[in-house]
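Residue numbers (our numbering), protein chains in the order written: chain V, 1 to 303; chain W, 1 to 303.
Some hints could be false.
Identical copies go unnamed one by one, so any copy, or any two together, can satisfy a pair.
List of simulated lysine-lysine pairs, DSBU-like, C-alpha gap at most 35 angstroms [claimed, not checked]:
#1 K69 - K204
#2 K251 - K168
#3 K30 - K145
#4 K204 - K17
#5 K284 - K201
#6 K200 - K284
#7 K70 - K30
#8 K204 - K284
#9 K168 - K284
#10 K15 - K251
#11 K251 - K284
#12 K111 - K145
#13 K15 - K79
#14 K15 - K168
#15 K30 - K122
#16 K284 - K217
#17 K214 - K284
#18 K111 - K200
#19 K154 - K251
#20 K15 - K214
#21 K145 - K204
#22 K201 - K111
If you're looking for bench data, these hints aren't it; they were derived computationally from the structure. Nothing here was measured: the structure is a model prediction, and the numbers come from that model.
2 protein chains.
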Amino acid sequence: MARLVECIPNFSCSKEKDEAAYNALVDVAKSVPGCTLFDAQTDGNHNRCVFTMIGSPEAIEEVAFLLTKKAAEVIDMNKHVGEHSRMGATDVIPFVPTMGVTVEECVEMSKRLGQRIWDELKIPSFLYEDSASVPERRNLATCRKGQFEGMPEKLLQPEWAPDFGERKIHPTAGITAIGARMPLVAFNVNLATSDVEVAKKIAKVIRASSGGFKCCKAMGFMLEDRGIAQVSMNMVNYEVTPLNVVYEMIKALAERYGTYIVGSEVVGLTPAKALLDCAEHYLKLENFDAHNQVMEYHLVGME
Amino acid sequence: MARLVECIPNFSCSKEKDEAAYNALVDVAKSVPGCTLFDAQTDGNHNRCVFTMIGSPEAIEEVAFLLTKKAAEVIDMNKHVGEHSRMGATDVIPFVPTMGVTVEECVEMSKRLGQRIWDELKIPSFLYEDSASVPERRNLATCRKGQFEGMPEKLLQPEWAPDFGERKIHPTAGITAIGARMPLVAFNVNLATSDVEVAKKIAKVIRASSGGFKCCKAMGFMLEDRGIAQVSMNMVNYEVTPLNVVYEMIKALAERYGTYIVGSEVVGLTPAKALLDCAEHYLKLENFDAHNQVMEYHLVGME
Chain V
1 MARLVECIPN FSCSKEKDEA AYNALVDVAK SVPGCTLFDA QTDGNHNRCV FTMIGSPEAI
61 EEVAFLLTKK AAEVIDMNKH VGEHSRMGAT DVIPFVPTMG VTVEECVEMS KRLGQRIWDE
121 LKIPSFLYED SASVPERRNL ATCRKGQFEG MPEKLLQPEW APDFGERKIH PTAGITAIGA
181 RMPLVAFNVN LATSDVEVAK KIAKVIRASS GGFKCCKAMG FMLEDRGIAQ VSMNMVNYEV
241 TPLNVVYEMI KALAERYGTY IVGSEVVGLT PAKALLDCAE HYLKLENFDA HNQVMEYHLV
301 GME
Chain W
1 MARLVECIPN FSCSKEKDEA AYNALVDVAK SVPGCTLFDA QTDGNHNRCV FTMIGSPEAI
61 EEVAFLLTKK AAEVIDMNKH VGEHSRMGAT DVIPFVPTMG VTVEECVEMS KRLGQRIWDE
121 LKIPSFLYED SASVPERRNL ATCRKGQFEG MPEKLLQPEW APDFGERKIH PTAGITAIGA
181 RMPLVAFNVN LATSDVEVAK KIAKVIRASS GGFKCCKAMG FMLEDRGIAQ VSMNMVNYEV
241 TPLNVVYEMI KALAERYGTY IVGSEVVGLT PAKALLDCAE HYLKLENFDA HNQVMEYHLV
301 GME
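Sequences and hints are given; from them, build the entire structure.
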């Protein structure tokens with residue numbers, strides 16, 4: 001089975017505002033064997049671009065360094081204007097375990113990369129999400145608060161020394177956030193009620209922020225076109241909080257409010273494992289080893 | 001997404017009895033770009049070898065032809081002795097849809113291959129399983145009955161003309177069976193009872209042969225080491241008869257006999273889709289498109 005990591009770096013430039021800089025980054029993203037550039041999105045208003053790359057841990061770590069180096073060459077944050085919050089030429093580098101790799105290994109990758117971009121490029125960095133050195137740094141928005149312009153002052157505050165590098169930004173490339181996180185699953189559950197308050201009450205019970213499941217973010221919404229209420233969730237770690245667990249909890253709570261689940265949806269790409277774990281639960285599978293027993297895992301990386 | 005077909009041809013030779021012939025076949029199996037030889041098993045007592053290859057439909061169809069040609073060159077069925085039933089140098093060629101390919105496309109592959117090995121090699125063939133021209137030919141054992149030695153006489157019977165070729169075997173290569181079938185899922189469900197009769201009664205209700213689900217074969221067994229009864233199934237088409245359907249039926253029948261399901265297992269490799277379909281069922285997923293929404297499908301065939 002192939003070992004694969006996804007990396008979704010965000011850069012403070014756009015094809016719309018500086019095509020040469022954007023193209024230079026795309027070229028670097030395609031330059032490392034063993035790494036595939038899946039998608040490149042650019043937004044002129046945000047003056048920001050986001051790459052989605054998948055490859056071996058080694059190739060991904062290397063391309064992330066080379067991209068950070070190139071971004072420092074072609075982007076001057078003193079001249080950057082855009083709607084999106086940002087603090088560095090390479091603003092953020094997330095590593096996501098995709099196949100045959102643990103989130104702990106991605107944490108190690110983020111730490112090696114942080115050290116290297118300080119040693120070789122003199123760009124400081126924060127570790128965030130699962131790589132965070134203290135709980136306050138898990139949230140990217142907290143790390144980025146103050147943005148590029150406010151960062152020199154922020155770094156002098158006792159609690160905001162970078163995880164790598166000195167207490168001052170790189171003069172043109174700023175500072176970067178690097179972190180490992182599990183893949184996110186967008187999971188929505190629809191209820192047989194037009195009362196959005198039911199969905200809101202259920203969301204409050206199941207989400208971590210109000211005392212619910214550790215790796216579940218949830219809100220209650222109205223689906224206006226269908227006239228029904230929806231519990232909309234971001235499952236930020238489906239291994240810690242499985243989809244079937246929140247589904248069964250919502251089912252029980254819906255019954256308590258006199259309604260029931262009519263359907264659900266996963267939005268966008270999801271890792272097979274998040275759903276295979278549900279099949280394992282409902283079929284009461286014993287000794288099931290998805291990575292060895294599911295054919296598709298053997299096909300990835302096949303020559 | 002990659003388009004992939006699995007092919008598991010069986011040849012009437014073994015590394016143990018004729019290493020040169022075996023090696024010649026292995027070399028051919030590795031010779032076509034776009035096709036990977038996953039596994040090669042050889043059995044001296046059976047005097048038979050089985051290759052597992054996966055690749056694009058085009059590459060698989062080509063390699064299946066080249067292997068049949070090579071087998072006809074290196075194997076003389078008049079001299080073949082082995083415990084396993086056989087009727088040809090290339091005894092059987094199954095095509096199994098693996099990703100982005102329908103079983104109907106595999107049926108077309110089997111028909112083109114049958115025509116070609118007659119046209120170019122003068123080897124006749126039967127179509128079996130989903131490719132069968134009449135229901136009596138679906139079963140490979142029925143096609144092969146009489147074996148190489150009895151085949152000249154069998155082909156003269158009114159109902160046993162080959163699907164391709166004349167009513168006589170190739171003098172040294174015999175006759176070949178070619179067919180498309182869905183991947184098989186070995187699925188067992190364990191019951192909280194030591195009464196094997198309950199498992200046997202349930203198996204009888206759910207299996208096709210006694211009036212149950214069309215694509216389910218089932219038997220009742222005793223798991224002696226655990227002291228519990230098991231319904232052991234071969235699911236021969238999980239799209240026609242989903243795993244969750246037989247699971248729920250067994251659950252209901254177990255209750256009728258005063259027991260319940262304690263667990264289940266899938267044995268060996270299984271296609272992700274057979275289990276993703278179960279997750280879709282139990283989570284009531286709406287508009288779920290596994291091939292577009294499951295990340296791993298996008299990773300297969302990635303460069």
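Status of the hints after comparison with the structure:
In the homo-oligomer, the alpha carbons of K69 and K204 never lie at most 35 angstroms apart, since the shortest distance is 43 angstroms inside one protomer and 67 angstroms across protomers. In the homo-oligomer, the alpha carbons of K251 and K168 never lie at most 35 angstroms apart, since the shortest distance is 51 angstroms inside one protomer and 65 angstroms across protomers. Taking identical chains as interchangeable, the C-alpha atoms of K30 and K145 lie at most 35 angstroms apart only when both belong to the same chain, with a minimum of 32 angstroms there against 57 angstroms between chains. In this assembly of identical chains, K204 and K17 lie within 35 angstroms of each other by CA distance neither inside one copy nor across copies; the values are 42 angstroms within and 70 angstroms between.
Taking the closest pair of Cα atoms, K284 and K201 come within 35 angstroms of each other both inside a single copy (30 angstroms) and across two copies (21 angstroms). Within a single copy, K200 and K284 get their C-alpha atoms as close as 31 angstroms, and across copies as close as 20 angstroms, so both meet the 35 angstroms cut-off. In the homo-oligomer, the alpha carbons of K70 and K30 lie at most 35 angstroms apart inside one protomer (13 angstroms), although the nearest pairing across protomers, at 41 angstroms, exceeds that limit. In this assembly of identical chains, K204 and K284 lie within 35 angstroms of each other by CA distance both inside one copy and across copies; the values are 29 angstroms within and 22 angstroms between.
In the homo-oligomer, the alpha carbons of K168 and K284 never lie at most 35 angstroms apart, since the shortest distance is 55 angstroms inside one protomer and 52 angstroms across protomers. Taking the closest pair of Cα atoms, K15 and K251 never come within 35 angstroms of each other, the shortest separation being 46 angstroms inside a single copy and 58 angstroms across copies. In this assembly of identical chains, K251 and K284 lie within 35 angstroms of each other by CA distance both inside one copy and across copies; the values are 19 angstroms within and 11 angstroms between. Taking the closest pair of Cα atoms, K111 and K145 come within 35 angstroms of each other only inside a single copy of the chain (22 angstroms); across copies the shortest separation is 65 angstroms, beyond that limit.
Within a single copy, K15 and K79 get their C-alpha atoms as close as 16 angstroms, which meets the 35 angstroms cut-off; across copies the closest is 70 angstroms, which misses it. Taking identical chains as interchangeable, the C-alpha atoms of K15 and K168 lie at most 35 angstroms apart only when both belong to the same chain, with a minimum of 29 angstroms there against 68 angstroms between chains. Taking the shortest Cα distances, K30 and K122 sit within 35 angstroms of each other inside one copy (24 angstroms), while across copies they are farther apart (49 angstroms). For the homomeric pair K284 and K217, the shortest alpha-carbon distances inside one copy (27 angstroms) and between copies (20 angstroms) are both at most 35 angstroms.
For the homomeric pair K214 and K284, the shortest alpha-carbon distances inside one copy (24 angstroms) and between copies (24 angstroms) are both at most 35 angstroms. For the identical chains of this complex, K111 and K200 are neighbours neither inside a copy (39 angstroms) nor across copies (58 angstroms), given an alpha-carbon limit of 35 angstroms. Taking the closest pair of Cα atoms, K154 and K251 never come within 35 angstroms of each other, the shortest separation being 46 angstroms inside a single copy and 61 angstroms across copies. Taking the shortest Cα distances, K15 and K214 never come within 35 angstroms of each other, neither inside one copy (39 angstroms) nor across copies (56 angstroms).
Proximity of K145 and K204 under a CA criterion of 35 angstroms is satisfied intra-copy only: 27 angstroms inside one chain copy versus 66 angstroms between copies. Taking identical chains as interchangeable, the C-alpha atoms of K201 and K111 are never at most 35 angstroms apart, the minima being 40 angstroms within one chain and 59 angstroms between chains.
When each numbered hint is compared with the structure, violations occur for hints 1, 2, 4, 9, 10, 18, 19, 20 and 22.
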